[in-house]
Amino acid sequence: MKQDIAWCPGCGNFPIRAALEKVLKELPVPAKNIVLTSGIGQAAKMPHYLPYSYFNGLHGRSLPLAVGIKLARPDLTVIAVSGDGCHYGEGGNHFIHTIRRRLDITILVCDNKVYGLTKGQSSPTTDLGMKNALDPQGNLNTPFSPLVTALAAGAPFVARTFAGDAQHMEQVLRESILFRGPSVVDILQPCVSFNKVNTYAWYRERLYKLEEPPRDRQEAMRLAEIWGERIPIGVFWRDGQFVCREIRETFRRPVTEAAVAKLLDTKCIMMR
Amino acid sequence: MEFNVLIGGEAGQGMFSVELELSETLSRLGYPFFATKNYMSRIRGGHNYHMIRVADRPVHALSGKPWDLVIAMDSAETERRHRPSLAADGIFLGADRVGQIEAEARETFRDPTASSTILAGLILACIGAEPSASRPLAPDESAARALAKGGEFAARWGLAARRVITPRPGDRCKLDGNQAIALGALMGGCQFVAGYPMTPATSIMHYFASVASEIPVHFEQAEDEIAALNMALGASYAGLRSMVATSGGGFALMTEAVSLAGMTETPVVVIDAQRPGPATGLPTRTEQGDLNFVLHAGHGEFPRVIFAPGSIEEAISLTRRAFDVADRWQIPVFILTDQYLADSVQVMEGRVPTKMLRRDYPVFEAGYRRYAITDTGVSPLTYPGLSEARVEVDSDEHTEDGKITEDLDLRVRMVDKRLRKLEGLRKEAVMPSRAGDRRAPTVLVSWGSNRQIVEEAVEALRAEGIAVSSVHFGQVYPLTAPMARGLARKRLICIENNATGQFGQLLRRELGLKVAHRILKYSGECFTVAELVERVRKILG
Ligand SMILES: Cc1ncc(C[n+]2csc(CCOP(=O)(O)OP(=O)(O)O)c2C)c(N)n1
Ligand code: SF4
Numbered sequence: 001m002k003q004d005i006a007w008c009p010g011c012g013n014f015p016i017r018a019a020l021e022k023v024l025k026e027l028p029v030p031a032k033n034i035v036l037t038s039g040i041g042q043a044a045k046m047p048h049y050l051p052y053s054y055f056n057g058l059h060g061r062s063l064p065l066a067v068g069i070k071l072a073r074p075d076l077t078v079i080a081v082s083g084d085g086c087h088y089g090e091g092g093n094h095f096i097h098t099i100r101r102r103l104d105i106t107i108l109v110c111d112n113k114v115y116g117l118t119k120g121q122s123s124p125t126t127d128l129g130m131k132n133a134l135d136p137q138g139n140l141n142t143p144f145s146p147l148v149t150a151l152a153a154g155a156p157f158v159a160r161t162f163a164g165d166a167q168h169m170e171q172v173l174r175e176s177i178l179f180r181g182p183s184v185v186d187i188l189q190p191c192v193s194f195n196k197v198n199t200y201a202w203y204r205e206r207l208y209k210l211e212e213p214p215r216d217r218q219e220a221m222r223l224a225e226i227w228g229e230r231i232p233i234g235v236f237w238r239d240g241q242f243v244c245r246e247i248r249e250t251f252r253r254p255v256t257e258a259a260v261a262k263l264l265d266t267k268c269i270m271m272r
Numbered sequence: 001m002e003f004n005v006l007i008g009g010e011a012g013q014g015m016f017s018v019e020l021e022l023s024e025t026l027s028r029l030g031y032p033f034f035a036t037k038n039y040m041s042r043i044r045g046g047h048n049y050h051m052i053r054v055a056d057r058p059v060h061a062l063s064g065k066p067w068d069l070v071i072a073m074d075s076a077e078t079e080r081r082h083r084p085s086l087a088a089d090g091i092f093l094g095a096d097r098v099g100q101i102e103a104e105a106r107e108t109f110r111d112p113t114a115s116s117t118i119l120a121g122l123i124l125a126c127i128g129a130e131p132s133a134s135r136p137l138a139p140d141e142s143a144a145r146a147l148a149k150g151g152e153f154a155a156r157w158g159l160a161a162r163r164v165i166t167p168r169p170g171d172r173c174k175l176d177g178n179q180a181i182a183l184g185a186l187m188g189g190c191q192f193v194a195g196y197p198m199t200p201a202t203s204i205m206h207y208f209a210s211v212a213s214e215i216p217v218h219f220e221q222a223e224d225e226i227a228a229l230n231m232a233l234g235a236s237y238a239g240l241r242s243m244v245a246t247s248g249g250g251f252a253l254m255t256e257a258v259s260l261a262g263m264t265e266t267p268v269v270v271i272d273a274q275r276p277g278p279a280t281g282l283p284t285r286t287e288q289g290d291l292n293f294v295l296h297a298g299h300g301e302f303p304r305v306i307f308a309p310g311s312i313e314e315a316i317s318l319t320r321r322a323f324d325v326a327d328r329w330q331i332p333v334f335i336l337t338d339q340y341l342a343d344s345v346q347v348m349e350g351r352v353p354t355k356m357l358r359r360d361y362p363v364f365e366a367g368y369r370r371y372a373i374t375d376t377g378v379s380p381l382t383y384p385g386l387s388e389a390r391v392e393v394d395s396d397e398h399t400e401d402g403k404i405t406e407d408l409d410l411r412v413r414m415v416d417k418r419l420r421k422l423e424g425l426r427k428e429a430v431m432p433s434r435a436g437d438r439r440a441p442t443v444l445v446s447w448g449s450n451r452q453i454v455e456e457a458v459e460a461l462r463a464e465g466i467a468v469s470s471v472h473f474g475q476v477y478p479l480t481a482p483m484a485r486g487l488a489r490k491r492l493i494c495i496e497n498n499a500t501g502q503f504g505q506l507l508r509r510e511l512g513l514k515v516a517h518r519i520l521k522y523s524g525e526c527f528t529v530a531e532l533v534e535r536v537r538k539i540l541g
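Sequence lines, in order, name chains A and B. Here this note's numbering is used: position 56 in the first sequence is 56, and no number is missing along the way. Here this note's numbering is used: position 371 in the second sequence is 371, and no number is missing along the way.
Certain hints may be false.
[Stated by the list, open to error] Calculated cross-link-like contacts (lysine to aspartate or glutamate; reagent style EDC-like; alpha-carbon spacing at most 20 Å):
1. 37/B <-> 77/B
2. 262/A <-> 313/B
3. 32/A <-> 388/B
Keep in mind the hints are simulated off the structure, nothing from the lab.
Just chain B, same shape as in the assembly (with noise of 0.2 Å):
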């Protein structure tokens, strides 16, 4: 059983406060939800709208479905849009209806943003959801009293319980994606945090300049990107674990610095949330499109790791191991999310490893050579001011005390000693997860955040008897020969949030995979089950 709920109207009119309020109680009552938005680059006006999918099961996708409920904070422009995907027994709750519920937060609460508190708890009476149930978990009295109301205003129009979905005990909380990176970083032992604002990264650094009162760890907005990953190398290379944020835009002006990194050896960990593009692109909106670009992002030769997370789960998992990736191979790690999942709030399900990682603080004595050459590539590391050691790090070419050099005999050790550590990083690479009938002759491609939407759709496919299964890239570099394995005789189809395939045309050139068919979607939007499902049945005939 499920509900699906779409809440539209002007950017500025309320209808993100009514998300907020309504998965804030959703998760302290235990239903499993999952929520995103559409928006526009503006502050006012134009067309949002926010999805909900509340269901009695796990869900983590957008289903696709007929909405079972539309709410319009406007007069008419969500009505022409998704009043034709409203369903059949649907409810449409027009800009008249939400005009009484305004007039009563003005009157009884005297504040109007208690519509979104009545809005909410209305959304919850249609649920079922018991209003007694909700009273006590309410931050406030008054709010108290607000979803209270809402549950009369669903009574009054008989909406009062139109789809009950029981809730389910347990522990959970709720997340949106750059949330849990945030996490995954603190997890990770990172105490740095240098960026310059851009969709949709930002709420990443709010996350570290709103923590940063409480715990040991520094946000720095810096002027440009440049200057901001120039300070994550800086307080890297004093001992902080650090990290910036940006979308590709940004991570545009980085480029110069990922190439410092990867000759300086300077561990750092660099999150791309990605935007359609190119340039400035669609700025609120979703695509998969940076992987090529984070791939061969800085000039020269150098090695990287790439994780792309496919779930809550994953973005913190993967986040606090790129920490731990970056430091002890002291190299550049990137995370590759996007806007659809950086926006995306959900119940984290499943287990996530919460030990805190910590790093290392060894002294050396004088004579202490911070490029030492060894056989895995990795040379010893420590911070300046700990001892007499002196840690000079060099973006020049340069010898194992990290001089400047021109010797071309030692350039050759230099390259070879830091593209040996990639001998180590394909040891320890994340395997992809497979999900489905492992024997079925045609395997679903994903990397990124597609991977929950994918998981769907093949339950959802299998359900009508068609053999499928799914495997999804948590890191999509390096590739190792492993994580072909029995994918080599399938029929892949690959599904990719960007234009040109970008990820199948990585597992040709890495792994010797050839992808049979493509599923792409670069307007902006993310996929849904339903659309999904109904592409691969068009390709499997």
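Extracted from the complex, chain A is given alone in its bound form (with noise of 0.2 Å):
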């Protein structure tokens, strides 16, 4: 794409985008039906640069976008894609409340664990006492989880990728889409520009990949918990289980006038 792509040199979101462009190719769904929502901020971008269908809208509104769209097109695949202070901030309450609607949507966060558009304040993923512009003193508050955060709402796939692995990262968005519920896939993503700390060498001496996702969602849990000197990435909760909410079709099927009569029950209404 001739697209003049607005992210720094060495962003963990060429990586992303690169892997999300394989997988979407290889879909088994007709492009025509793949509809990207985003919200605002670099990660955001994403849509702008991949050849499908989009809407970009307000920051942290990704998900009510996607669970819209979904809700008028079951026949449609839905995908949210945005950064951590987007889908985890701003939009952390409907980052629940879409989980539990047992649609399927896809939730791709590109966590970088700052925010990078408006230049590298803390976001919900920042670790504790990371200095920057307006946490002088160092970021006072418990860095949120969204893996765990994810199993506690009923997210029925829940996974944590990294933006330095391709292979891994094609694997894991592959199956997130194509699972039939409410995914969410917590993507490492280093900011060269604003995170000193969170580097892709940071991350590889720390990453180790499981082996299989656990059995039962305590287990998961207590693995989405882990944090430190050794971090898992891969599928932690896929419940095969899961059923989907039924969505009735709705578009291209117009209410006609003789329901809404007899809705009414009466004869006034059916004057012209």
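Mind assembling these two chains? They're in different frames, but the hints should get you there.
Shown next, in the form of structure tokens:
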């Protein structure tokens, strides 16, 4: 694509974009049926750099948009992709409730553990004590745990992958999109401009791959809490029994005049 | 001839059931009537009352005359508050009498709720309604017996045929304001509503939720109003005509997404059923305090249309129209109603356009540009998945194909494109409706739900020989020069349910019209005809 990409050279969003492009192209659904939503931030620009329909909305609001689209058009494959500030901060409420809606929506989070676009402030996932312009003393808040929260909210598919591992990313992204239900993927994304701690090298030292998904949610929860010298990546939870909510087809099936007249149960309304 | 009834008591004592039973039977018997309620924000206790005006001609407001019948479901409060406004020959039915009816319901019908039906039967007997006429219309045998039992009580207490009112034959239906809005939305092709409950808008959502099993519409209860409007925009983007309904406090949360609709040119209809503010205000009372807010909601500059229906007919027709306007011009369209209109039940007179509106589903080639710059400002609109054409929509300033841009010349062209729609919107604006003597030097100006109160007041004033007319704005924005025709040299009296005369100010700003006098009410209650007549008389000396 001949497009000016607004990311810094070396940004973790580039490999995420490449993986997503590959996975979406190979998806067993027609390209025209894929719709991306995003919010605001560097990661939220992702849909602009992929050849699919998209609704790039407001900061934090990619998920209610995705919900509206999915409810209106169950035939579309809906993927919401945005940053950690967008999905977990401004959109934190929607994150919890979108998972609860039991719709087939894929939630992808480019988690650089900072606010990139606004120049490096703390995000919900920033480590305790990390310093930046708005937190000169160091971040005082407990980092938010996306995977634990997603599991607690009832997400039937929860995974973590790493922007520095293309193969792993492709595999996890593919699985999450093909999963029928709300799926959450936290993608560890180095931000070369503002996050000098959680770098490619920092992650490479610590990451290890889960061999296979845990058998129950308790086990998944336990693994999801691990963060430190060792950090697991992979599919943390995949509920094979999960049943999506049924959505009735409404698109191009307008309500008829007869149906309205029947609802009204009266003759007066039928005058023209 | 008319009969004015008030039924008062504590929340939960069944006044609403009496209103429902009575209004249902009245409308089936062909009586014109108007009913509205005054209630507190609580589920039990307090003091609520329902007001029903039955007449032999169409009525669409509270008369404000002394009550012909007051029914007290409680022991003291209704009597204390409302007995002083009982007519000299009025009937007061106190707690002892209501107690007898309740006993009858328990003993004969083995159903305490039957007392509502008995009371409805009693009121019907007061206006001389034939029990035999209502009998076949009752939903079941026991309801029919309860209605007849009400007639027996009326006869026993000497109330039967106290004021005989003759019904008017003809097909009519009764609706409250929110039902009318919901119906208008269905006729406008609306298939998606998202919302978060808030009085007095909630029953619009109820309506959609309850019909969703029978017809292809969807209601989604959102986690908050921010989500609600974003969901509606998502659904609209995907191809369904969509709507949200809320009150001022919820609308405050939606303003961010209103701006998003403006920038992305996504059609959507937003209902603000106003209640007194600021903040949570008086949750169950009425006011027209949100005009300025809705007028200015959302940051940045973009076109919008605001309708403010003044009757059940207008609630249907303007809501229906709102979907058409939103779709054709790809803008947010607002409907301003209020608790008074939302909760008032009346018989619908006159013709309503009922033809269902349909949208097109145009298909484009790859290379389709969502924001192509056009003379009208309207770009071709289609939906994802219909062809290889990609629908690329963006909240940032964007290029014609929906990509983020910082090209500042293009920014200017895009702003101009969006604002150009206003020219077309002005051309198809809904003209205000006028009533009374057009030559009269004084004009009563209203917008929204006050219309029919004002129109009846004008009739009453003219009957006294006072020359007045009225003009009602069903579209409050944009206001256009033709709307002001003939008004510049008149003495304008603007009637509003707010404290600062917001519409009067808008008339001045947009049309240069000067309002000579204002009649404002912001206690949380609606005007009555008698009260309005009195206040106009005072101004005219
Ligand atoms: C309502 C609102 N508040 C604040 C902003 C400013 N803002 C833009 S992006 C952003 C944070 C982005 O962080 P993140 O979602 O982590 O994305 P990143 O840029 O790091 O990829 C903020 C606060 C905004 N656009 N809208
Ligand atoms: S600021 Fe960080 S996240 Fe944003 S583009 Fe640059 S490297 Fe990537």
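Outcome of the hint check:
Annotation: proposed proximity of residue 37/B to residue 77/B holds, straight-line Cα distance about 16 Å (limit 20 Å). Simply put, residue 262/A and residue 313/B have alpha-carbon atoms about 19 Å apart, close enough for the 20 Å limit, and the pair holds. The suggested pairing of residue 32/A with residue 388/B holds, with an alpha-carbon distance near 6 Å, which does not exceed 20 Å.
In terms of the numbered hints stated before, the structure departs from none.
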